[in-house]
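J.: Throw the hints in and build the complete structure from the sequences for me.
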Amino acid sequence: MNYTFQFNVVWRNFDALLEGAWLTLQLGVFAFTMGALVGLLGAAIKTYGPWPLRWLVNLYVVFITNTPALIQIYFLYFGLPEFGIRWSNEACVLIGLTLNAGAYLTMILRAGFLSVRRTEMEAGETLGMSPVQKIRYIVVPHIAKSIYPALANFFIVILVMGTSVGAVIGVDELTGQAINLSTVNYRWLEYFTVIAVMYVVLTFIASLGLALVGRWAFRVKARIF
Amino acid sequence: MERILSQMPEFFTWANLALLGNAALMTLSMTLLGCLVGFALALALVMLRTAPGRWAVPLRVLCILYVEVFRRIPFLVVIYLVLFFIQTVSSDTSLFTIAVISICIYAIAYTADIIRGGIESVPHTQIEAARAMNMSHLQTMWHTILPQAWPVILPPALAFSVSFIKDTALVSQIGVFELTFRGKELNNQGYSGVLVYGTIALCYFAMSFPLSLLGQYLEGRLATPRSQRRLRKIRRP
Amino acid sequence: MPHLAVNDVYAKYGALEVLHGIAFEVDRGEVVSLVGPSGSGKSTVLRTLVGLTPVSRGSVEVDGTSIDYRSGRALKAARDRMAIVFQQYNLFQNMNVLRNVTLAPTKVKGRNRREVEEEAMELLALVGMSDKAGAYPDELSGGQQQRVAIARALALKPDILLLDEVTSALDPELVNEVLDAIRRLAREGMTMLLVSHEMAFVREVSSKVVFMDKGRVVETGAPARIFDAPESDRARDFFGKVLRG
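Residue numbers (the working numbering), protein chains in the order written: chain A, 1 to 225; chain B, 1 to 237; chain C, 1 to 245.
One thing to keep in mind: the hints can contain errors.
[As the list claims (entries may be wrong)] Pairs of lysine to any residue, SDA-like flavour, derived with a Cα cap of 20 Å:
(1) Lys107/C <-> Asn96/C
(2) Lys107/C <-> Pro147/B
(3) Lys241/C <-> Ser168/C
(4) Lys107/C <-> Trp142/B
(5) Lys157/C <-> Glu122/C
(6) Lys107/C <-> Leu75/C
(7) Lys76/C <-> Gly53/B
(8) Lys107/C <-> His137/B
(9) Lys109/C <-> Arg99/C
(10) Lys109/C <-> Trp142/B
(11) Lys76/C <-> Ala51/B
(12) Lys109/C <-> Gln139/B
(13) Lys214/C <-> Phe227/C
(14) Lys76/C <-> His137/B
(15) Lys208/C <-> Gly29/C
(16) Lys208/C <-> Val62/C
(17) Lys12/C <-> Gly53/B
(18) Lys208/C <-> Asn7/C
(19) Lys107/C <-> Glu128/B
(20) Lys107/C <-> Gln93/C
(21) Lys134/A <-> Tyr48/A
(22) Lys214/C <-> His197/C
(23) Lys107/C <-> His143/B
(24) Lys109/C <-> Asp80/C
(25) Lys76/C <-> Pro52/B
(26) Lys109/C <-> His137/B
(27) Lys184/B <-> Gly170/A
(28) Lys76/C <-> Gln139/B
(29) Lys184/B <-> Trp87/A
(30) Lys76/C <-> Thr125/B
(31) Lys145/A <-> Leu37/A
(32) Lys184/B <-> Met26/B
(33) Lys184/B <-> Glu82/A
(34) Lys107/C <-> Gln126/B
(35) Lys208/C <-> Glu219/C
[What the hints assert, rightly or not] Covered stretches of chain B (in silico footprint by chain A; criterion: 3 or more residues with CB under 8 Å from a CB of chain A, positions within the stretch not fixed):
(36) 187-193
(37) 197-203
(38) 207-220
If you are wondering where the hints come from, they were derived from the structure by calculation, not from laboratory data. Predicted model, so just to flag it, every value in this text is computed and none were measured. Backbone N, C-alpha and C fix where the C-beta goes; we use that ideal spot for every residue, glycine too.
T.: Structure representation (structure tokens):
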């Protein structure tokens, strides 16, 4: 192999990569938070809603989880303008990821809803707890404990697999920035090696933070590794 | 809307359907190939990793690092890295091969974790019994441990492969003629985006949904109480 | 020269030392029993002999040859001569009874499968399990599984059979069928080293009893002497509780 790695080009443009990483983190957090709201709604409907709504939510989950996120985003970006709906590429990625994450989070949160046992609710009843107290002291801790690891894991999936899809329609998150910069000076291998390391560092910090929060707030042992 | 309806007859021609059919086959075959080779390599890696003795310690560290690192790098980045790395080494590698290698690298990371979980689900005493009878590490694994671990390994491994059918959409970026790439082509030819990407989405759905049902069925069929307990602990992608 | 000699053996589980200088001898054709309170390291002695727990100091000699457990070849040789039967049977759950018995002779020793199967059927007859040759472990009772495990160990043609609390995991009504199998082996002159809590059985079948406590051998002797007139306080205390309780 007669290839000389030249990383100084990368260091000269490192600020741009950091900006990309920042956007990646923002996209990940936003998509995850909004997806969690969608998922909460979906899980609530699946557990307590009337059957037509349950059926709709099932359809949504099955369809989204069996098609690629990339196609969903293409649909928003290239398809919707035909109906006169024009969103910026960032908006498309954010909305697409939210819808995508919403479906997966519906499944995760639904499992959490199911994990609350009726006997525990009854125990709360006999102790004279109000509904708010029951939610505060029984439902939330229970759900948090049973699904926190899955949620933390899914956040990393969104942060890594999710946001990078944005690069494909020209969003300048970390992968997008690397593509932009490499097309200028053809140092593809260097840029992609560096951003691979940046992704590992970024997600590792995120995992560490999530594990600490989980341990402190919900007394769950989330895996860092 | 009228545009979509008016385009329908010219979009759903035999030529276009055949094109999409071929592209779907391409998507399926590269996923299958990548995941199968990845699974075999992951199996070999875990065999080495679980080997007794001090010389296996660096392998153990390497294995953990591999799994942890590749879970944290986007598939798109892996594709580009493989593409440009291989192009600097040899210039006549097909894009299909590059796609398969990328899938393989990813599949190793995920399936190695699944296989390790499966092997750890078999009681350690089974290994001790085999050791005490002078069976080698490979014999122990092959004759006694793996046969008991398959019910724990296969359902999540299949689930991973099926879910990866969708993720392969990203290799359209380097120009492999799979479904998403053909979709972009058709869209560029002037067909409606809603029509094209709706159809492509349905194609993915038609591959992914039945296979995921099959996976759930297998999970139910293979499950023993022990394997079900174990399955709950394995992280899903 | 003793058949098996254990000289001042120390062993550790991680940082915890569980054997502090164990020594005893087993002659050919003899049945020796290790007894003592739980946690005294009896099972660990058997595990160290087949190299499942590493020996940290001391030596083990078979027919006068010392075994170096750090060398793979010596370990193999040791396992060739000593076979172990576990408390929890540890039959391979994915194979039927016959395959459990024939696996190691065919795969490890590379012997002809048909020949091994014939021998295996004889061994299964010896432990009274020949009618269950095609059954899988999870279809058998604990006593039946344990008898298969004994046949499996015998199929390796060991010089010494190690039996690790083989009746402890069994329901009381199943204990005797396993003890009967061991009695039969003793009559046939099999050299055995066993760990057991069945004191009446130990007294009946053994030629020597080794009393252990806290990882040390406290006293050794003929069963009648050890049970009826123990010299040490600890042995007296233990047998007082066990035999009367």
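J.: Now tell me, hint by hint, if it's right for this structure.
T.: Against the structure, the hints:
no., hint, verdict
1, Lys107/C <-> Asn96/C, "holds, 16 Å"
2, Lys107/C <-> Pro147/B, "holds, 16 Å"
3, Lys241/C <-> Ser168/C, "holds, 18 Å"
4, Lys107/C <-> Trp142/B, "holds, 11 Å"
5, Lys157/C <-> Glu122/C, "holds, 13 Å"
6, Lys107/C <-> Leu75/C, "holds, 18 Å"
7, Lys76/C <-> Gly53/B, "holds, 15 Å"
8, Lys107/C <-> His137/B, "holds, 12 Å"
9, Lys109/C <-> Arg99/C, "holds, 15 Å"
10, Lys109/C <-> Trp142/B, "holds, 17 Å"
11, Lys76/C <-> Ala51/B, "holds, 17 Å"
12, Lys109/C <-> Gln139/B, "holds, 12 Å"
13, Lys214/C <-> Phe227/C, "holds, 19 Å"
14, Lys76/C <-> His137/B, "holds, 13 Å"
15, Lys208/C <-> Gly29/C, "holds, 12 Å"
16, Lys208/C <-> Val62/C, "holds, 18 Å"
17, Lys12/C <-> Gly53/B, "holds, 17 Å"
18, Lys208/C <-> Asn7/C, "holds, 17 Å"
19, Lys107/C <-> Glu128/B, "holds, 16 Å"
20, Lys107/C <-> Gln93/C, "holds, 17 Å"
21, Lys134/A <-> Tyr48/A, "holds, 17 Å"
22, Lys214/C <-> His197/C, "holds, 16 Å"
23, Lys107/C <-> His143/B, "holds, 9 Å"
24, Lys109/C <-> Asp80/C, "holds, 10 Å"
25, Lys76/C <-> Pro52/B, "holds, 15 Å"
26, Lys109/C <-> His137/B, "holds, 15 Å"
27, Lys184/B <-> Gly170/A, "holds, 15 Å"
28, Lys76/C <-> Gln139/B, "holds, 14 Å"
29, Lys184/B <-> Trp87/A, "holds, 19 Å"
30, Lys76/C <-> Thr125/B, "holds, 19 Å"
31, Lys145/A <-> Leu37/A, "holds, 18 Å"
32, Lys184/B <-> Met26/B, "holds, 16 Å"
33, Lys184/B <-> Glu82/A, "holds, 16 Å"
34, Lys107/C <-> Gln126/B, "holds, 16 Å"
35, Lys208/C <-> Glu219/C, "holds, 11 Å"
36, 187-193, "holds (count 3)"
37, 197-203, "holds (count 4)"
38, 207-220, "holds (count 3)"
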